[in-house]
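Chemist: Listed below, chain by chain, are the residues.
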Amino acid sequence: MRCPTLQQIYLYLEKELVPSENQKIEEHLRSCSKCKKALEERKFLLKAVESFPSWQVPPGFTQQVMDKIFLTKVSFWRWLAVSAVGFLSFILSTYIYLEATGQNLSSLSISFYHTLWNQIKSISLILIKLFKLVSLSLKILYQLGQLILKGFLQLTTVVSPEVQILTITILIIITTLIYGMGRKFLAGEK
Amino acid sequence: MDEDKKLVERALQGEKEAFEMIVRKYENPMLNYIGRMVRVRELALEFTQEVFIRSYSSLHSYQTKYKFSSWLFKIASNLIIDYWRKKKIATFSLDQQEIWNKQKPSLQVPDNEPSIVRKFEHLELRRKIERALEKIPASFRELFVWRHINELSYKEIAEIKDLPVGTIKNRVFQAKEMIRQLLEEKS
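Chains as they are written, first to last, in this note's numbering: chain A, 1 to 190; chain B, 191 to 377.
Calculated directly from the structure, the hints in this document are not laboratory data. Each hint can be trusted.
Quick look at which bits of chain A chain B covers, simulated, 3 or more residues with Cβ under 8 Å:
#: 1; stretch: 3 to 14
#: 2; stretch: 33 to 45
#: 3; stretch: 59 to 70
With a straight-line Cα cutoff of 27 Å, these simulated DSS-like cross-link-like pairs (lysine-lysine) come out:
#: 4; chain 1: B; residue 1: Lys276; chain 2: A; residue 2: Lys68
#: 5; chain 1: A; residue 1: Lys24; chain 2: A; residue 2: Lys43
#: 6; chain 1: A; residue 1: Lys43; chain 2: B; residue 2: Lys345
#: 7; chain 1: B; residue 1: Lys195; chain 2: A; residue 2: Lys68
Cβ atoms here follow ideal geometry from the backbone N, Cα and C, with glycine treated the same way.
Input sequences plus hints: build the corresponding full structure.
Modeler: Here it is as structure tokens:
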């Protein structure tokens, strides 16, 4: 027999060949040292692969998977059940209220809508007032900013450039120091 | 009918425990395959979980003429390919395979072949193979892992990839010789 291919050698090692092919290779290996060496080499390689460490899932993984699968399945029914219970309790409490107060359904709905309308009206008034307050504060802040800018511009005409640079440098140093101290204080608190 | 198919049937009838048995049976083999493909444990665990979620939601589409494990591994393989596509990782690209095709492993037993594998001590060899495995194209790595780590038959792998058994045998052979070549380069 001619030398088998490397692929055949692998298949022989994996016991993937039919018995007649197996026998032929075995016979050949007895007389061919080159093929025997090639086979031993690949046998060693496959042995090393067989002993690869196995990856294992962490404890509780199965349960985690099952929860994930069935939580999504069940959630719809749970949602439906909760809605049904909520609706029924609403009907029941309305009925009990009507029975207790002796009112009928139409007068109850009119008074309900009346209350609701009043609530909407009062909330709208609060919102309008809030809006006015915010716009007024913005206006004040804008004017204050303009005033500071004007003051600063006038100051530059009076004070020499050297003094201006010195003042700005001192201001930067003071700001950095305050920032640094603030950070240190906060870190200390943690 | 084999055990898996019975479990699938029971799971389809709403028996939660039957699907739990499937998860228990395949969680580690699946993690071993996905882990060796994506190489990051956290991601591999996330994908393993996703495979079971997807398989449960499409359990009704499983055809009993195929092995259940093949169907499950096919879902996992598609999931990994989708992930790589989205991340634009060219792990399955043909360019990579072309580089290897240029130096296709020889089919014949070469004369004076150096003994590489036996040079290393067992543990060191194992580590070197693991590293070499990471370097071969993912399409070959996938087949190698299925065959030699998950111990699937060539027929099962052919079923997963929708390819002839002969093609799979040839590619797994190439994968092994690629690994050997890499060990040769390093030594």
